[in-house]
Amino acid sequence: MQKVVLLVEDSPGDVRLTQEAFRNAGRSIDLRVAADGVEAMSFLRRQGIHAEVPRPDFILLDLNLPKMDGREVLAHIKEDNDLKAIPTVILTTSDAEADILTSYQLQANCYLSKPVQLEEFERLIESINDFWLSKVKLPQQEHG
Amino acid sequence: MGAIRTILLVEDSLGDVRLTQEAFRETGDTLRLHVVADGVEAISFLRHEGGYAGAPRPDLILLDLNLSKMDGRQVLAEIKQDDDLKTIPTVILTISDSEEDIETVYRLRANCYLTKPVEFDRFEDLVKSISDFWLTQVSLPQQTRIA
Numbered sequence: 000m001q002k003v004v005l006l007v008e009d010s011p012g013d014v015r016l017t018q019e020a021f022r023n024a025g026r027s028i029d030l031r032v033a034a035d036g037v038e039a040m041s042f043l044r045r046q047g048i049h050a051e052v053p054r055p056d057f058i059l060l061d062l063n064l065p066k067m068d069g070r071e072v073l074a075h076i077k078e079d080n081d082l083k084a085i086p087t088v089i090l091t092t093s094d095a096e097a098d099i100l101t102s103y104q105l106q107a108n109c110y111l112s113k114p115v116q117l118e119e120f121e122r123l124i125e126s127i128n129d130f131w132l133s134k135v136k137l138p139q140q141e142h143g
Numbered sequence: 000m001g002a003i004r005t006i007l008l009v010e011d012s013l014g015d016v017r018l019t020q021e022a023f024r025e026t027g028d029t030l031r032l033h034v035v036a037d038g039v040e041a042i043s044f045l046r047h048e049g050g051y052a053g054a055p056r057p058d059l060i061l062l063d064l065n066l067s068k069m070d071g072r073q074v075l076a077e078i079k080q081d082d083d084l085k086t087i088p089t090v091i092l093t094i095s096d097s098e099e100d101i102e103t104v105y106r107l108r109a110n111c112y113l114t115k116p117v118e119f120d121r122f123e124d125l126v127k128s129i130s131d132f133w134l135t136q137v138s139l140p141q142q143t144r145i146a
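Chains as they are written, first to last, in numbering that gives the first Met the number 0: chain A, 0 to 143; chain W, 0 to 146.
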């Protein structure tokens, strides 16, 4: 079954790279994109134009986002009874110790730093694909 | 790279402990694997109680669900409610693949859920991928940081 991945990312270049890297990893996923934190929450809560969107199996979340910061999005997800079981992985350029610690305190499922080299970025997406989308058991869709 | 990583394996099956040790050895990583056999021991280790006064803080916890004395779900809940311990990534590694267990542990804030394969080769592969992903790609919180 095709997995639904929500990518919350404001840089169109990084969105494109992520799409291509998943395609190269040979997995057909339903990749949805939200470009800011407000849109991400509206997608997850199926509000407004997002009334019909699927529930993501997995979320990739950037920290530095317009409108609503990634930390705030993460806090909302993990405080929401309906959403908190969805594995949420931070994918950001920051490798500041404070951001790493804060994200784990806010119960991010894991923290990944975006490599600056293209090849390493591709390898990272490939390992997300191999690990999170293949090996890990994700919660079932649409429970309760 | 090259940093020594400390893993706490909470596992009551001697055979699975042996397999995990061997599989980690194969990965050639510089890591220290500590093993405790039940939930009460796990909490003592993490809180440096009893015989564990000098125990290191693990970088990663591998936690079985079906444990004697204190169940893995209860251990997970204790870890994730403790301000000092909750930032330690806790990976569930269990024989169960029941939907209910998966849902429950994500709600208890497990960082990820993995099912133990029954074949030796696949078990080895899984341990290798835990090592590749969690110890190589992931940024882990700094050691011994109290918020």
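Hints in this document: simulated from the structure, not taken from any laboratory.
Glycine included, C-beta positions come from ideal geometry on N, C-alpha and C.
A few of these clues could be false.
[Said to hold, decoys possible] Here are the simulated BS3-like pairs of lysine-lysine, each with C-alpha atoms no more than 25 Å apart in a straight line:
(1) W:Lys85 to A:Lys2
(2) W:Lys127 to W:Lys68
(3) W:Lys68 to A:Lys134
(4) W:Lys68 to A:Lys77
[What the hints assert, rightly or not] Chain W is faced by these chain A residues, among others (derived, beta-carbon under 10 Å):
(5) Ser41
(6) His49
(7) Pro53
(8) Arg54
(9) Ile99
(10) Tyr110
(11) Ser133
Taking the hints in turn, this is what the structure says about them:
| no. | hint | in the structure |
| --- | --- | --- |
| 1 | W:Lys85 to A:Lys2 | violated, 28 Å |
| 2 | W:Lys127 to W:Lys68 | violated, 29 Å |
| 3 | W:Lys68 to A:Lys134 | violated, 29 Å |
| 4 | W:Lys68 to A:Lys77 | violated, 30 Å |
| 5 | Ser41 | violated, 23 Å |
| 6 | His49 | violated, 23 Å |
| 7 | Pro53 | violated, 18 Å |
| 8 | Arg54 | violated, 13 Å |
| 9 | Ile99 | holds, 5 Å |
| 10 | Tyr110 | holds, 5 Å |
| 11 | Ser133 | holds, 9 Å |
This entry does not satisfy hints 1, 2, 3, 4, 5, 6, 7, 8, going by the numbered hints stated previously.
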